[in-house]
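For the record, the sequence lines run as chains A and B.
All residue numbers for the first sequence refer to the UniProt record's numbering, where the first residue is 1 and numbers rise by one.
All residue numbers for the second sequence refer to the UniProt record's numbering, where the first residue is 1 and numbers rise by one.
One should not assume that every hint holds.
To be verified - Only pairs whose alpha carbons sit at most 20 Å apart, straight line, appear in this in silico PhoX-like list of lysine-lysine:
1) B:Lys283 to A:Lys88
2) B:Lys283 to B:Lys151
3) B:Lys9 to A:Lys91
4) B:Lys144 to B:Lys121
5) B:Lys17 to B:Lys45
6) A:Lys245 to A:Lys71
None of these hints come from the bench; they were simulated from the model.
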Amino acid sequence: MSWFIRKEKGINTPTEMKREAPDGLWYQCPNCKKIMQTREHKMNAYTCEHCNYHEKVGSEAYFEILFDHNKFTELDASLTSADPLNFKDTKAYPDRIRSTMEKTGLKDAVRTGYGRMNDLEIVIACMDFNFIGGSMGSVVGEKIARAIDHALKNRQPFLMISRSGGARMMEAGFSLMQMAKTSAKLALLSEAGIPYISLLTDPTTGGVTASYAMLGDFNISEPEALIGFAGPRVIRETIGKDLPKGFQSAEFVLEHGFLDFIVDRKDLKDKLTSLLKMIQ
Amino acid sequence: MRTYLDFEKPIAELDNKLADMRRLAEESTIDVSAATAALESGIAKLRQEIFDNLTRWQRVQLSRHPDRPYTYEYIQLMCDEFIELHGDRQVRDDPAMIGGFANLNGQGIMIIGQQKGRNTKQRQHRNFGMPNPEGYRKALRLMKLAEKFNKPIITLIDTPGAFPGLEAEERGQGEAIARNLKEMFMLKVPVICIVIGEGASGGALGIAIGDRVMMLENTWYSVISPENCSTILWRSWDYKEQAADAMKLTARDMKANKLIDEIVPEPLGGAHLDHVGMAAILKGVILDHLGQLSQLSPEERINQRIDKFCDMGVVVE
Numbered sequence: 001m002s003w004f005i006r007k008e009k010g011i012n013t014p015t016e017m018k019r020e021a022p023d024g025l026w027y028q029c030p031n032c033k034k035i036m037q038t039r040e041h042k043m044n045a046y047t048c049e050h051c052n053y054h055e056k057v058g059s060e061a062y063f064e065i066l067f068d069h070n071k072f073t074e075l076d077a078s079l080t081s082a083d084p085l086n087f088k089d090t091k092a093y094p095d096r097i098r099s100t101m102e103k104t105g106l107k108d109a110v111r112t113g114y115g116r117m118n119d120l121e122i123v124i125a126c127m128d129f130n131f132i133g134g135s136m137g138s139v140v141g142e143k144i145a146r147a148i149d150h151a152l153k154n155r156q157p158f159l160m161i162s163r164s165g166g167a168r169m170m171e172a173g174f175s176l177m178q179m180a181k182t183s184a185k186l187a188l189l190s191e192a193g194i195p196y197i198s199l200l201t202d203p204t205t206g207g208v209t210a211s212y213a214m215l216g217d218f219n220i221s222e223p224e225a226l227i228g229f230a231g232p233r234v235i236r237e238t239i240g241k242d243l244p245k246g247f248q249s250a251e252f253v254l255e256h257g258f259l260d261f262i263v264d265r266k267d268l269k270d271k272l273t274s275l276l277k278m279i280q
Numbered sequence: 001m002r003t004y005l006d007f008e009k010p011i012a013e014l015d016n017k018l019a020d021m022r023r024l025a026e027e028s029t030i031d032v033s034a035a036t037a038a039l040e041s042g043i044a045k046l047r048q049e050i051f052d053n054l055t056r057w058q059r060v061q062l063s064r065h066p067d068r069p070y071t072y073e074y075i076q077l078m079c080d081e082f083i084e085l086h087g088d089r090q091v092r093d094d095p096a097m098i099g100g101f102a103n104l105n106g107q108g109i110m111i112i113g114q115q116k117g118r119n120t121k122q123r124q125h126r127n128f129g130m131p132n133p134e135g136y137r138k139a140l141r142l143m144k145l146a147e148k149f150n151k152p153i154i155t156l157i158d159t160p161g162a163f164p165g166l167e168a169e170e171r172g173q174g175e176a177i178a179r180n181l182k183e184m185f186m187l188k189v190p191v192i193c194i195v196i197g198e199g200a201s202g203g204a205l206g207i208a209i210g211d212r213v214m215m216l217e218n219t220w221y222s223v224i225s226p227e228n229c230s231t232i233l234w235r236s237w238d239y240k241e242q243a244a245d246a247m248k249l250t251a252r253d254m255k256a257n258k259l260i261d262e263i264v265p266e267p268l269g270g271a272h273l274d275h276v277g278m279a280a281i282l283k284g285v286i287l288d289h290l291g292q293l294s295q296l297s298p299e300e301r302i303n304q305r306i307d308k309f310c311d312m313g314v315v316v317e
C-alpha cells in the first residue's frame, strides 16, 4: 500500500499558510448521488437539480422559503412539554425531551409564526420531524390550536406543513385528544370562511393524517412524499403481502382523490400565493 | 362454558367446587344449603378482593373478554325498538360499524357503534371490530341524519383500531376519521359517547367527539394498544403490562386526567357476568345525561363541546 512515499518528513504547514476549503460546500443528493453546490441546493428550495429529490427539511427551511425575506413573528416559541403521565419506557420522557432539545435546538415538533408571503399575510405552522419523529403531543396540539386562533382573530389564511409519524405515545391519552382539539379549531376556522391549506410532506402518517393534515380546504403535497394512516410496515404485517410499488406515495394519494395537487417545493410559494389571491 | 381470565382462576376453582356441591345435592338427599351459601359468599368475597385490586393490564384483558356485551347486545337490552340502517352511500356497507334509529324509553335516538363478533365466522364478518373508511363515513351519514331529524346521538366505542389495510388506505382511512372529528364538533344535537370495551386510538376517537364522553369501568382508551406501544418503545411484545401502566389508559386514569367526563360502574366481576344488569346501568346513565343536555341550546352544547376538548393537554409555558 505504499504507492505514495513521503519524501520529506515532518511537513508542518503553519495555519496561516493553509488553503481555505470550508466544509459543506458540496451537497450530494441521497437519491441520485449527484453532486451540486450547497448554495445552489438551498436556492433550489433544498431539492436536487438533477432528479428533483426533495430533501427532508424542517421549519427553519420552510419559513425561509415562504416568508418574505425570512421575516416572521414566531408564536408561543417558549412552549415546552410537561410530563403529565410520568412516562417511562427505556428512558424517562423528560430525559428524552431534554436530550432531543439539545440535539436539535428545537423546543418541540412544531413551530408556528405569522408574516407575509409575497406580501400576503399568512399564519404558518410547520412540523419538525427530527424532534421525536415529529410526534404530536400536547405542545404540538396546543401550538397549532393557538396558531389557528391567531388566524381566526386576524382573519389570515392558515398553512399547516405536516411531517410526522403520528401521535406521541409518551403522552398517550393527551396526545390522542390533540387530534380532537386541532380538528375543533379547524372547524371554527372553516365556519369563519378562512382558507386552510394543508401541505403533507414526507412522511405524514398516523394521528396527524387522521386529523388536521387531511382537513384542508386544499390538501397538497410534495413529489413522492409518503402519506398514510397506518405505516407501511403495519399494513404489510396485516395483509401478509408486500405492498405495491408507489403505495401511499403522494402520487398514489392524489390518484385516489385525497390531494388537490402536488407541487415542487421551489414553486410552492408562488403557487400558494396565486391560489390564495384567487379566493381572496 | 364461561371463559375465565388468568387472574380469575381462583374464582373458577371455587365456581367448580360450587357446581360439584350442587350436583352432589341433586344426586343425594344430603342438605348442602349451608355449605353452598358459605361457598357463595366466599366466592363473592374473593371476587370483590380480586376486582378491588385489578392492574391496568387486567382491565385491558377484561375489556376484551370474549363474553363481554357488544354494541348489538346493548342496543337490544336498552332499546325497545331498533331499525338498523346500512351503507355509506359511496362504496359499501361496513359490518364493523353498525347504527340506526332506536327507541329509548319512548324517545327516538340514533345509536352507532363498532361491532365485534362472537365466533370465528362472525369475527371475520365484523373484521374484529376494525372499521374501514366506509364505516366512519356511514357513522357520519347517520349522525347527519340524526341532526336533520333533531334526535340525540349515542355512540358505543369498542375497537382495537381502525383497520390498517390496503383498501382502507386507498379509500382514505385518515381522511374519513379526520372528517368525523371535525364534523362531530358542529353537530347541533346532543352527542353521548361511551367506551364499552376497547378504545384504540383514532379508530375510537372517530366516533367519540361528544358532549359527554364516558368509559365503562373495565375498559381502556388511549393512543395505541399496550402491545403495540411495547413493540415500538421497548422493541418487544413482552412489556405490554409496563406499557399499560405507563400510558395510564384505564377509565380511572382517564377521568383523573380529565380526558373523559365520567366512569360508568360495571356489575361486580365485570360486564360479561351480567349483561342485563350492565345494560340497565348504562341506560340509566344515558337517560340522565340526555336530560341534562336537553336543557342546553345547540350553540351552548357546541361551545362547551369545543371548549372541553380544547382544554385537554398539559404544556409548560
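Hints versus structure:
1. B:Lys283 to A:Lys88: Not OK: B:Lys283 and A:Lys88 at ~38 Å, beyond 20 Å, violated.
2. B:Lys283 to B:Lys151: Cα-Cα ~17 Å, so holds.
3. B:Lys9 to A:Lys91: Violated - the C-alpha atoms of A:Lys91 and B:Lys9 are around 35 Å apart, more than 20 Å.
4. B:Lys144 to B:Lys121: 32 Å, violated
5. B:Lys17 to B:Lys45: OK: B:Lys17 and B:Lys45 at ~16 Å, within 20 Å.
6. A:Lys245 to A:Lys71: Answer violated: A:Lys245 to A:Lys71 is near 41 Å, above 20 Å.
Taken one by one, the earlier hints fail for this structure at numbers 1, 3, 4, 6, listed in ascending order.
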